[in-house]
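A.B. asks: Got chain R sorted already, so can you dock chain F onto it with the hints?
Sequence order for the protein chains is R and F. Oh and the first sequence: position 66 is 66 in the numbering used here, straight run, nothing missing. Oh and the second sequence: position 197 is 197 in the numbering used here, straight run, nothing missing.
No lab work stands behind these hints: they were computed from the structure. We put the beta carbon where it would ideally sit given N, CA and C, even for glycine. Each hint should be verified, as a subset may be incorrect.
[To be verified] List time: in silico EDC-like cross-link candidates among lysine to aspartate or glutamate, alpha-carbon distance up to 16 Å:
| hint | chain 1 | residue 1 | chain 2 | residue 2 |
| --- | --- | --- | --- | --- |
| 1 | F | K416 | F | E375 |
| 2 | F | K366 | F | E322 |
| 3 | F | K236 | F | D27 |
| 4 | R | K326 | F | D27 |
| 5 | R | K326 | F | E375 |
| 6 | R | K411 | R | E351 |
[Said to hold, decoys possible] Here's a subset of chain F near chain R, in silico, CB distances under 10 Å, partners left out:
| hint | residue |
| --- | --- |
| 7 | P68 |
| 8 | V70 |
| 9 | F245 |
| 10 | V304 |
| 11 | L308 |
| 12 | D384 |
| 13 | E385 |
| 14 | A387 |
| 15 | L388 |
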Amino acid sequence: MIGATIHELTTAYAAGERSPVAVAEAYLARIDALDPRVGAYLTLMRDEALAAARLSEARYRAGRPVGPLDGAPVALKDVFCTRGVRTTCGSRILETFVPPYDATLVDRLRAAGAVILGKTNMDEFAMGSSTEHSAFHVTRNPWDLTRVPGGSSGGSAAAVAGGLAAGAFGTDTGGSVRQPAAFCGVVGLKPTYGRVSRYGLVAFASSLDHVAPFALDIVDTALLLGAVAGHDPLDATSVAAPVPDYVAALAGGVQGLRIGVPDEYFGAGLDPEIERAVRVAIDVLRELGATIERVSLPSTEHGVATYYVVAPAEASSNLARYDGVKYGLRVPGKDLIDMASRTRAAGFGAEVKRRIMLGTYALSAGYHDAYYGQAQKVRTLVRREFEAAFARVDLLAAPTTPSVAFAHGAKSDPLAMYMNDVYTIPASMTGLPAVSVPCGFNAAGLPIGLQLIGRALDEPTLLRAAHAYEQATPWRQRRPVLS
Amino acid sequence: MSSGGARRRTPGEPPATVVRGGPPSYDTVIGLEVHAQLATSSKMFCGCPTTFGAAPNSRTCPICLGMPGVLPVTNRRAVELGVRAALALDLRVNAACRFARKHYYYPDMPKNFQISQYEEPLAEDGWLEIDTPDGARRIGIQRLHLEEDVGRLVHEGDFAAAQASLVDYNRSGVPLMETVSRPDLRSPEEAAIYLRAFRAVLLYLGVCDGNMEQGSLRCDANVSLRPRGASELGTKVEIKNLNSFRNVQRALEYEVQRQADALAAGRRIVQETRLFDADRGTTRPMRSKEYAHDYRYFPEPDLVPLRLDPAWIASVRVTLPELPRARRQRFVSQYGLPAYDAEILTQSRALAEYYEAAVRAHANAKGISNWVMTELLRELGGDDEAALARSPIAPAALAALVRLIDDGTISGRIAKDVFARMLAGGGDPEAIVRREGLTQVADAGALEVLVDQAIAANPKAVADFKSGKAAAAKAFVGQVMKASGGKANPAIVDRLVQEKLSRI
Numbered sequence: 001m002i003g004a005t006i007h008e009l010t011t012a013y014a015a016g017e018r019s020p021v022a023v024a025e026a027y028l029a030r031i032d033a034l035d036p037r038v039g040a041y042l043t044l045m046r047d048e049a050l051a052a053a054r055l056s057e058a059r060y061r062a063g064r065p066v067g068p069l070d071g072a073p074v075a076l077k078d079v080f081c082t083r084g085v086r087t088t089c090g091s092r093i094l095e096t097f098v099p100p101y102d103a104t105l106v107d108r109l110r111a112a113g114a115v116i117l118g119k120t121n122m123d124e125f126a127m128g129s130s131t132e133h134s135a136f137h138v139t140r141n142p143w144d145l146t147r148v149p150g151g152s153s154g155g156s157a158a159a160v161a162g163g164l165a166a167g168a169f170g171t172d173t174g175g176s177v178r179q180p181a182a183f184c185g186v187v188g189l190k191p192t193y194g195r196v197s198r199y200g201l202v203a204f205a206s207s208l209d210h211v212a213p214f215a216l217d218i219v220d221t222a223l224l225l226g227a228v229a230g231h232d233p234l235d236a237t238s239v240a241a242p243v244p245d246y247v248a249a250l251a252g253g254v255q256g257l258r259i260g261v262p263d264e265y266f267g268a269g270l271d272p273e274i275e276r277a278v279r280v281a282i283d284v285l286r287e288l289g290a291t292i293e294r295v296s297l298p299s300t301e302h303g304v305a306t307y308y309v310v311a312p313a314e315a316s317s318n319l320a321r322y323d324g325v326k327y328g329l330r331v332p333g334k335d336l337i338d339m340a341s342r343t344r345a346a347g348f349g350a351e352v353k354r355r356i357m358l359g360t361y362a363l364s365a366g367y368h369d370a371y372y373g374q375a376q377k378v379r380t381l382v383r384r385e386f387e388a389a390f391a392r393v394d395l396l397a398a399p400t401t402p403s404v405a406f407a408h409g410a411k412s413d414p415l416a417m418y419m420n421d422v423y424t425i426p427a428s429m430t431g432l433p434a435v436s437v438p439c440g441f442n443a444a445g446l447p448i449g450l451q452l453i454g455r456a457l458d459e460p461t462l463l464r465a466a467h468a469y470e471q472a473t474p475w476r477q478r479r480p481v482l483s
Numbered sequence: 001m002s003s004g005g006a007r008r009r010t011p012g013e014p015p016a017t018v019v020r021g022g023p024p025s026y027d028t029v030i031g032l033e034v035h036a037q038l039a040t041s042s043k044m045f046c047g048c049p050t051t052f053g054a055a056p057n058s059r060t061c062p063i064c065l066g067m068p069g070v071l072p073v074t075n076r077r078a079v080e081l082g083v084r085a086a087l088a089l090d091l092r093v094n095a096a097c098r099f100a101r102k103h104y105y106y107p108d109m110p111k112n113f114q115i116s117q118y119e120e121p122l123a124e125d126g127w128l129e130i131d132t133p134d135g136a137r138r139i140g141i142q143r144l145h146l147e148e149d150v151g152r153l154v155h156e157g158d159f160a161a162a163q164a165s166l167v168d169y170n171r172s173g174v175p176l177m178e179t180v181s182r183p184d185l186r187s188p189e190e191a192a193i194y195l196r197a198f199r200a201v202l203l204y205l206g207v208c209d210g211n212m213e214q215g216s217l218r219c220d221a222n223v224s225l226r227p228r229g230a231s232e233l234g235t236k237v238e239i240k241n242l243n244s245f246r247n248v249q250r251a252l253e254y255e256v257q258r259q260a261d262a263l264a265a266g267r268r269i270v271q272e273t274r275l276f277d278a279d280r281g282t283t284r285p286m287r288s289k290e291y292a293h294d295y296r297y298f299p300e301p302d303l304v305p306l307r308l309d310p311a312w313i314a315s316v317r318v319t320l321p322e323l324p325r326a327r328r329q330r331f332v333s334q335y336g337l338p339a340y341d342a343e344i345l346t347q348s349r350a351l352a353e354y355y356e357a358a359v360r361a362h363a364n365a366k367g368i369s370n371w372v373m374t375e376l377l378r379e380l381g382g383d384d385e386a387a388l389a390r391s392p393i394a395p396a397a398l399a400a401l402v403r404l405i406d407d408g409t410i411s412g413r414i415a416k417d418v419f420a421r422m423l424a425g426g427g428d429p430e431a432i433v434r435r436e437g438l439t440q441v442a443d444a445g446a447l448e449v450l451v452d453q454a455i456a457a458n459p460k461a462v463a464d465f466k467s468g469k470a471a472a473a474k475a476f477v478g479q480v481m482k483a484s485g486g487k488a489n490p491a492i493v494d495r496l497v498q499e500k501l502s503r504i
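The shape of chain R in the complex, shown without the other chains (with noise of 0.2 Å):
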């Protein structure tokens, strides 16, 4: 049952054939066996896992299960508040934070039935591509214990590669879920910005934080997006559109699909093995019957620098409120202000810090045109550009990171690490769609992810192509070993 996806979990707890109870300790012990290695998991939500399986079991027992979700086990980036649990953000400020309020997301798999296994590790404040900033320990890639999951929510694809968990969350602020899920050889989506509700989502970058499912396959992916998008009253970016199937929408194929190919995101620093994967995959969806054409995206080599604007610019803003006097961390001091730069200086790791001053420094009076101004032009510069891609394709493939995962300490370098969002920040700042989807392994065994991009709010075509492909491609069946 460890490594079965959700759909089949609960098509077999429907049909009497298992049962949640035991699916949830299975897990848990795999997890006690397991994750020391592997490191996924911060925080283990042992009892409320297993009273929410002993209620979905009952409700499966009556015959009433709430949906596809129900019993589902599921691991949850600690970066979305759980009443009554602890919320680290993988950060020292947060250690003792235990919020009194659920994230809409833990609202929402909560009322599917969804099992809740624990909270996640992540780079601090999911600032991070590699989960290596964590505050608390490093969490290992479960194809190469040596190498990193990605980031910043490598916690989470962790453990739904590593069989930790069925399926889980993270957030994708720049490639947050993407560029792990490429690393640890899952599904990870970024829906479109406002898809889903950020109501309890420790803020990075407000304009940039997206919720974003892990899954083994792209069923799960559509059940995971389907329990948890639509409009939040309490979060005034949630996007209001209807809800559509997106389970009943995968079907149908890539026939009469336009793919365009943006020349950009296969430049200089690609790795060689990656390009090949990547171009396979894409022969195989013109094999499908999509029409593949070339496009270009010329300000995507500004997309970087750019997000490496605005994104510290709103942490600065975001992260301002750790100051000891409400909730976390404290460090006494000789006054108020004292006691809030000795809490920040205390609770915040490096690169936290890195970021804190850039976006401090890029709003600040006398800067906040040169920087923070020229990004937002570029930004809307970026937009139009996917605006103009869209008039003539309905969807944008190209790899998911330039390089496979890395290993532990290799980028120690910040700007080495940055360079590993190239491809996935455009589409956060865009906040367009985007799927990554295994696609294949390099020689040493190591997974490649294709990404593929859509339109604002056409999830089901995303997904429908991603499906299609992941259908006629045999990647999703190899699994890590672990044991």
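C.D. replies: For chain F alone, coordinates are given in the frame of chain R:
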């Protein structure tokens, strides 16, 4: 903006001295920034109630406490109230506006930024006409924007020396409207007049309860001097902590004098923020720690731009009431009231409406005005909606009281007794007069007996009258009034006394 500094109420104020016109060789230039708490039932970005005076931190939720992960959602009613004020003050309501984050570190601000508006405010470019001793003046209003209030910090001792500080976040997130006037005010007195007129407009609109003691209305001032007749503005100083009309005037008078003395002594004015000390009646510079220099504004990414439908704005416009100045002018023309009466009666919409309801019931405009201005306002201790709602005397009852005087049923003196009974127990003045037997004695037959008795008992006064002292007749009137227990109709008594004496 809402300062992070110690801008809170200071008790005890000596009376203001009025200096008109400022120092002789300078023109005074003043602009006011007014923060008004919008009269919504819930906060600007969450559902918490805005009630004043609740137990500390009992009116809070994760959103107004700035917990990790929370998001703001704009209060529609606050936007509507802002638009009402903007339309009444002839500001241009922008088709789209946005909120922005304003950053500074202060423990009373849970997020360490305030959601405010910066480059794209709700409304811009309007004016308020005020009546000054030198005539009507139009004071420009540069902008109107919405923002959230911060919490309240209680220190043990002062900010720097405090061993501990307590924070009450009940006020955190309460909706505020900031209006920035142009530097059109020319004296501290004008500034106070502007603030009063501004408050009256807000009260009429129902946008703010105008209560300065509770902090619903707060004021900061920018003041500078320039050589008389010069067009270029001098260096301005911002003064904070002006929390009453009197303090606005006192603080500005002090500051104008301070600047004039400095300029006269050849010193330069430093651009700075100063705090008014109401106990000393002086201003002092705020330490730079108490206010930030760079607020690092940027558009609030958690809120989408606010787009206001012109049809909706038009629907708000048609609900605007008659405003104080127009009503004041109408009271003079329609009711023939003196300007002074009209000014007092129109300070609040509730009072003006009370007055007009009373006049509709009994058309003695000046008589009712006198009773409202002297007796009623003294007893109510305020002219706002709440005070008038508490009034035990309805407009129709006050009108009935004045009618009883006008038709001779009771005297003015008796009326005060009746008024006191109405205050104590409510009720209809006619019933009180009947029950207590207070009806004025107008029966000439009954009064004639009393007059005869008075004349018979005072031969000396009769002799005085006969010898030409007309004033002696007054003594008889007084005695008859006394004998009647005040119920005699003085006019009839006077006539009877004159008749009787002339026949002797």
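A.B. asks: Which numbered hints does this structure break?
C.D. replies: 2, 4, 5, 9, 11, 12, 13, 14, 15
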